[in-house]
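Following the hints, put chain Y in place on chain V, whose structure we already have.
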Amino acid sequence: MRLLALSAVSVALTSAVVGHGFYQKQQFYPTVVYLTKSSPSLAVLYLQAFVCALILGKLIRKIFFGQLRAAETEHLIERLWYAVTETCLAFTVFRDDFSPRFVALFTLLLFLKCFHWLTEDRVDYMERSPVISWLFHIRALTLFILLAAADLGLIVHAYHSVVSRGASVQLVFGFEYAILLTMVLTVVFKYILHSIDLRSTNPWENKAVFMLYTELCTGFIKVILYVAFMAIMIKIHTFPLFAIRPMYLTMRQFKKAATDAIMSRRAIRNMNTLYPDATPEELQSTDNVCIICREEMTTGAKRLPCNHIFHTSCLRSWFQRQQTCPTCRMDILRTQGPAQPRADAARPPAPPAPPPPPQAVAQPAPPQPNLPPGMVPPFPGLFPLWPPWVPQAGPMPIPPAADATNAQVNSFGAPVTGTAPTPQAGTTEAGTAPATRSFSSGFPEFPGFPPHPPPPFLMPGLVPPQMLGLPPMPPPPDDLSGLSEEELREMEGQERRHLQARVECLRNIQTLLDAAVVQMQQYSALVVTLGMPGSSVPQSDTSHPSAASTSAMAQDGTITTSSKPATSLNDDTEGTSEVGAGATSPGAVGEDDPSSEPDTSELRRRRLQRLQNPAIQ
Amino acid sequence: MVLSCFIILLLTLNPPEGIVAGEESSSLFFLHYHGLLVGPEGTCFEGGVFPAVMTFPPDYPLSPPKMRFTCEMFHPNIYPDGRVCISILHAPGDDPMGYESSAERWSPVQSVEKILLSVVSMLAEPNDESGANVDASKMWREDRAQFDKIAHQLVRKSLGL
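If you read the protein sequences in the order shown, they are chains V and Y. Here the UniProt record's numbering is used: the first residue of the first sequence is 1, the next is one more, and so on. Here the UniProt record's numbering is used: the first residue of the second sequence is 1, the next is one more, and so on.
Looking at chain V on its own, in the form it has when it is part of the complex (with noise of 0.2 angstroms):
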């Protein structure tokens, strides 16, 4: 309407000009000669070039794209204000070849700049408008020849015109109207795209990452062709103020452009490749809705190491615009880390792990998939408690006590193993746990013998915590058959391990109680020995140096015959022990023990012939 009114105006101020002026001068030639001369008939004549400019735009545009969208008409306005800018800006410094043909020629280039912004604005609209006619096709194609050929036969023109005449505004053309090809070849792209993604009838998947390509390459000449144009202006003539904003936002959107498409890459290389495709059981615990298209997921979906789940093609289209987890944000290129273990989780536990210390082991249930990093995969069919001196008897790795007094909360929390038996192994372990400590620190070297033997009088003191200690009968295991043959294989791996640590603990536990026996038949000699000494002091001391004597002479001929445990006793040791190990049965001493304490003399005797008959033997 306004602009109906323009022009109505300018057609009646052009009118009332040319009438006045042939009203005037009555012939053509003087008519035209006053009409140029004269500001103010000019300045009508100007306005009414603009008015028939912009109804042969309003022409085209309605030939070619019908009724524009409000998008589409803010768009325009919005860019076509920096271009009037910027070309009052380029008028400034191009003011020495002012005229009327220069702004004829700026006006004619911000005219297909107008149109190449409405194709790009219509070629986009194409991805979301559901029903494309013919006719939107013929207008695209024909529009895109048109465009292309005005630009390139004005790129000819400007560079003929710089050949032959030399640097001029001619230069600025040529430029520009090479950056709207480039334009025009994206858009030709795009639609090309947009295209072949409407004729399939399923989303073309890849479809944006050939944009974000095409959009890279524009990117790359565009930035390019502003680098040149720059160095080259700057070298002819000043500084091109006016093309600076354009050539940054250029630069901005190529900077953009190139890091999303890297980024997006291995974001999505990521997602193909790390992270597990959503199970259905996965999808129906939670709200199968993918947050981002808001329709339900059945097939297609992964899931983030956050255990978030979206569709993989709408993760896509995400990742390319963010590499980051819609919901929490998670940065899923900075956890790569995390991702892989976690991947990992999903399958039973790997193998290598080392052999758990068995304390640890307290849950008879099959290996769970989400372990704290910390933890040692439980394992079925083990004891559930160990006797608490075994980590120190062989070559068993041992424990920390965290992680002791964590298995022991385990086994307590565990369903399974909260059992009769296990409370009670529980807390006989907790009460004999120091105590069996501070006797490793002690001795250090427990898997044979201590080379230095405790003392006879330590003996009782220790013995009844670690028979205290002894494993209740374990819980049965799981059923075993819901296991599957790698799982079973790799069970069978560590059980075999752990079957070989628990003999080897049980061989111990021989040579200990063999070990306790000789101890014990060495104690009871003693006590029958030192117990004299309450009566009569004098002859104690004489029967003890004797002892000691006719044992040194038995040495010889005992230690092969009678100490098949203690091989591994050093010599003070055997010295000792032989006192008592020399009686060849433990019933002789019992019996001959409460005859012989009221007669000492008696006793003497005995003994005497008792240490004789070995040798004898």
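Because the hints were derived from the structure by calculation, they are not lab data. Glycine residues also receive a C-beta, built at the ideal position from the N, C-alpha and C atoms. Mixed in with the good hints, there may be bad ones.
[Said to hold, decoys possible] Distance windows between CB atoms, simulated:
hint	chain 1	residue 1	chain 2	residue 2	range
1	V	L488	Y	E104	34 to 44 angstroms
2	Y	A145	V	Q253	45 to 55 angstroms
3	Y	K66	V	Q253	15 to 25 angstroms
4	V	W204	Y	Q153	50 to 60 angstroms
5	V	W204	Y	K114	28 to 38 angstroms
6	Y	A91	V	F91	53 to 63 angstroms
7	V	Y82	Y	K114	27 to 37 angstroms
8	V	T259	Y	K114	24 to 34 angstroms
9	V	S285	Y	H152	44 to 54 angstroms
10	Y	T55	V	A49	30 to 40 angstroms
11	Y	T70	V	Q284	40 to 50 angstroms
12	Y	T70	V	Y46	35 to 45 angstroms
13	Y	K114	V	I224	41 to 51 angstroms
14	V	R497	Y	K114	51 to 61 angstroms
[Stated by the list, open to error] Derived lysine to aspartate or glutamate pairs resembling DMTMM-like cross-links, with alpha carbons at most 25 angstroms apart:
hint	chain 1	residue 1	chain 2	residue 2
15	V	K113	V	D124
16	V	K256	Y	E104
17	Y	K66	V	E74
18	V	K255	V	D124
19	V	K37	V	D97
20	V	K235	V	D96
21	Y	K157	Y	E46
22	V	K58	V	D97
23	V	K255	Y	D59
24	Y	K66	V	D121
25	Y	K66	V	E127
26	Y	K66	V	D260
27	Y	K114	V	D287
28	Y	K66	V	D97
29	Y	K66	V	E78
30	Y	K138	Y	E72
31	Y	K157	Y	E72
32	Y	K66	V	E295
33	V	K113	V	E72
34	Y	K66	V	D287
35	V	K62	V	E78
36	Y	K66	V	E72
37	Y	K114	V	E295
38	V	K256	Y	D59
39	Y	K114	V	E120
Below, chain Y alone, put in the same frame as chain V:
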């Protein structure tokens, strides 16, 4: 398309408090969506009914929508032309004010209700750190009485009084 219908349905069936869901849009695919926001109680905008238009980009859940008040507004976080400047409507990457952390930016999880609630709470508690309207920010900080007076005038104007 499905999405926009969903949002419209959701808003008309179950509008959050203080928001009057508006009618359809002028354009074909509900890309422009008109609505009325009610000024929150206990603030200087109490009682006002402010028309606004929300514009959805073609790649909507991936890019944030834009919101613009179509009436005259005087608020530190609303540009003089009515555009709303809150962090939830900014895509990470472009930061017009240079202070927002990416945690409070747009993500597809944000829904239309969340945006509207954010805008309502923005009306109640302006953030004068990021002055979209510098005059309003300055007045909010230094001359609250005058700000309230202008806000009341706007409320009256919005009600047609």
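- Mind listing which of the numbered hints don't hold for this structure, in increasing order? 1, 6, 22, 28, 34 and 39
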